[in-house]
Each structure stands twice: as C-alpha cells, then as structure tokens.
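Note that the protein sequences, when read in sequence, are chains E and A. Counting along the first sequence from 1, when you hit position 39 you're at 39 in this note's numbering, and nothing is skipped either side. Counting along the second sequence from 1, when you hit position 76 you're at 76 in this note's numbering, and nothing is skipped either side.
Keep in mind that the hints are not guaranteed to be accurate.
Said to hold, decoys possible - Dumping the calculated SDA-like pairs for lysine to any residue here, alpha-carbon to alpha-carbon at most 20 Å: (1) Lys54/A to Pro17/E; (2) Lys92/E to Asp127/A; (3) Lys171/E to Asp127/A; (4) Lys92/E to Leu13/A; (5) Lys205/E to Thr33/E; (6) Lys54/A to Lys92/A; (7) Lys92/A to Ala57/E.
Please keep in mind that the hints were generated in silico from the structure rather than gathered at the bench.
The residues making up each chain are set out below.
2 protein chains.
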Amino acid sequence: MKEGPDIALLGSLIGDPARANMLTALMTGKALTASELSYEAGITLPTASAHLKKLQAASLISQRKSGRHKYFALADDEVGAVLEAIMGLAAKRGLLRTRTGPKDAALRRARVCYNHLAGELGVHIYDGMIARNYILADDDSLHLTDNGKAFVSGFGIDVDRLQNNRRPLCKSCLDWSARRSHLAGGLGTALLDRMFELGWASREKSSRVVKFTQQGEKQLLEQFAS
Amino acid sequence: MKEGPDIALLGSLIGDPARANMLTALMTGKALTASELSYEAGITLPTASAHLKKLQAASLISQRKSGRHKYFALADDEVGAVLEAIMGLAAKRGLLRTRTGPKDAALRRARVCYNHLAGELGVHIYDGMIARNYILADDDSLHLTDNGKAFVSGFGIDVDRLQNNRRPLCKSCLDWSARRSHLAGGLGTALLDRMFELGWASREKSSRVVKFTQQGEKQLLEQFAS
DNA sequence: TTCATAGTTTGATCATAAACGAAGTATTAT
DNA sequence: ATAATACTTCGTTTATGATCAAACTATGAA
C-alpha cells in the first residue's frame, strides 16, 4: 500500500478550488502575477500568496520576479499535460463546472494548452503533419522528418534554433475535448506563436480561447490538410 | 476562469490519502472488496464505505455485488492512465511517499498498470513491437499490423475475439518510472494474461509488482527484442 | 431459528487548512 | 522624502470533511 509516488499530495494541491482556478488560468500559457491569480481564483491576495507558496513547493509552478511584480507560470509542459489529462477525465465523467456556456464551442474549436494549440484545429494540424510524413510517431517520441523540417522552415520557423534547445521538439498531448492527440513541445509552441505573428489568430483576454480570423482558419485548414 | 471541466473535484477525490491508497491498490487491476480496501487504506470499514461512495459518484470506480461481498475496481482504462500520469508527475517532482524501499527496484522493473504490464519490461515489449512493425503508431491511435497479428496469434492470443470487443485494441500508456510508453488496451491486457498463463511471471500479493522467473524474463527479452 | 460476516447509515468528535484583516517588507512613482 | 503598489507574514476565525463507534440491513452459515 505504500508503493510508488505520492499522488495524494498532488491531488490535494489540484483539489482545492482556488488552486485549481489558478492552475486553469495558467493553462493559458501566460505568466500571471500574484494579484491577477488571486482575482482569477476569487480570493484575496494573502490567501493567494499562501496557495502559490504550496504550488511552488511541489514544483508545479515557476516564479520570476520582475520589479515589484512576481510572475507565475506552470513549471513545464508535463504539468500542463497532466492537467489537460485530468480535465479530459473530468469532462468524460460529466463533471463540468458550468452548464455548457457560449464559450464552450469556441474552446473546443481552438484553445491554448499551456503553450501550444489544442482543440479541433490543434488536432487538425497534428493529423495533417502525420499524414504528410512531416512527423513520425516512431518509438515513443515524435520525430520531425526532413520533409517536415523543410515545411516548418517554409512556414517561417527557425528549426535549428529550436533543436538546440534542451526542450523536446515534438511531443504529443492528449486533448480533453477531442480525445485525440495534438502537437506539444517546442515545435508546438513555435507553430502557435508563428500563427499569432501571421495574424491568423489572436488570444481572447483571460481565456484559453484562441480566436481565428476567417482567413486564418482557412489558411490553417489548407496548409495543414491531411 | 470558469472554463472547462471541474478538475478540483477530481483532484480532491484523489487528494485524500485514504482514497489515494485505495485507488493505488486498485491499480493492481484486481477487484477488491470494501473490507480489503479499508485495510489497504488503514481506515475502518464505515469510513471506507463513505469514501467508496464518493469515488463511485464521480464514476472513478465500478462496483459489482457478489453475495454479501461488494467488489470494487477502477471504472476503466482511462482512470488508470490518469493515475499513472499523476504518479509520473509526482515521481519527477520527488514526491515519493517512502524512502526508496526494497520493492522500488522491482516496481521499476515490472509492475501491473491497472491491467497491463508497465515498467522496464513493459517498455521493452512496446519498443520491440514497434521496431518490428507489429504495431504502427499511426495518427493518434495504435494499429496492429498483419505481421503483428500473426505474431500475437502465434503467442497464443485469440486476436479476432479481442477485435470484436468494444474496447480499443492498442493504446499507449505513459510510464511513470521509465517515462516511456508501454502497451495498454485489450492487447496489453491479453499479453500480460498470457504471460501469467505461460508461467513467465506471477503477481506479488497486494502489490503492483510482477515477478518474472529467470526463464520468463529471458523469454520476454528474446521474443520481444527490438 | 440463531449466529456470523459484509457492508451501510447515523451522529458526534476532531483536526486541518482555507480564508481574511492587519501589519510588515520591498520596489517603484511622484 | 512621501506615497502608492505588489506581495508576504502573522494570528484568528471558521467551515469542511475525515474519522469512528454504535446501530442497522442484508446475506450466508450452522
């Protein structure tokens, strides 16, 4: 009965509503200040501070001080992936926090998953890149093929710089709404950033929703078609 | 801030030590009675009963009544996968419940992950089957190739019967110790069962450890070599 | 029938930890 | 300097929920 890692501690950290709200807010990928997080969670600053301390102690979040502000973010991709997985389980069990609101359709369509694109459009990209042999689901990890490298470069991304990074280039991440994989890792982040750069899409304020322009969505569907 | 599914509820369910112990015990894949679970969790029967009711309400476990016994099990593979993912995160953060005990090496080597094989040997099987093109990591899901089907049949598994099942045949599941994928799904279960049948390995009582015989391990390493 | 075992329900107790106000530190703005 | 903002620390209050004993239901055994 005392085997393996302590899931109870992690569970209880995620299990508090205030902390869960903070973590969900951080799933937007943006680094947020303690004040912003306290607002998101609907609690006062002192309470938020205590919560953040606990999350930090478990290395679920990272912090960076900038002047009198303190910015918090998810510690790494894996934390985001696990949160997304838990959301998937919760969604499937019908444990939805609110009745399906107006935002939900948009969330399912395209949203940010910590730092990369999730939702139907995220899955579309993943499927397209697999179908065209840009990505190879070899072994456990994903690999970018030479074809894929050419394509991504043509899309305006500096692949070599990414590869020099310690961060894994390609990773798959399971989608809670579509229940399919989408692309995470350095490349996933770079692709999303580039799409913002190209003006294909923009972020909705304090939300995970990624709003594509009509043109942007058309381009995405074409250029990443299977 | 009120987007998406309610992760706090799931988190708090997993976050209680007693419930976490029960869920961990159920990760052995065996169905356990309420009494057994109360013993595993170190609590009295009434308390356990209350916990099980909550887990049931969230559809994390299933129950089956047999005479005056009530058997509990994890609701499905997805629950097991998420628990394993959380263990992975916890392990990486160094949130280990106990100092690395004698069982830990055995656990890393081979253990049961709900109903299939995990640990180094589980990963070995997965790698071997991928390398030999028995399994194709296509798209999101895994497919069993014709070669693979022949191999598995030769191993003594009735593939057709498995395929008629509603349950997905192949799924990958992330390993918390090896941080690599291993084979889950109907085929994963069937393979493990067959290995027990062949006498390659046996279960350690009330533990996730799968103990391979010297011969069994040798066979496994050879027959599933990359 | 009577007894024993398995599990549930109820009610009371108790500990934990979430919450906030107030006071304290640190950084920036005026 | 003074003030304002951003965050932390401390101490107190409060509510939640985990726990168990005792009583209750249901199934099986003698």
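Hint check results:
Between Lys54/A and Pro17/E the CA atoms are separated by roughly 17 Å; this keeps the pair inside 20 Å, and the hint holds. Between Lys92/E and Asp127/A, the direct Cα distance comes to roughly 30 Å. Violation of the 20 Å bound is thereby established for this hinted pair. A threshold of 20 Å between alpha carbons decides the hint, and for Lys171/E with Asp127/A the separation of about 17 Å falls inside it, so the pair holds. Between Lys92/E and Leu13/A, the direct Cα distance comes to roughly 16 Å. Compliance with the 20 Å bound is thereby established for this hinted pair.
The straight-line distance between the Cα atoms of Lys205/E and Thr33/E is roughly 15 Å, inside the 20 Å bound, and the hint therefore holds. Distance check on the hinted pair: Lys54/A and Lys92/A sit about 29 Å apart at the alpha-carbon level, beyond 20 Å; violated. With a CA separation close to 13 Å, the supplied pair Lys92/A and Ala57/E stays within the 20 Å bound.
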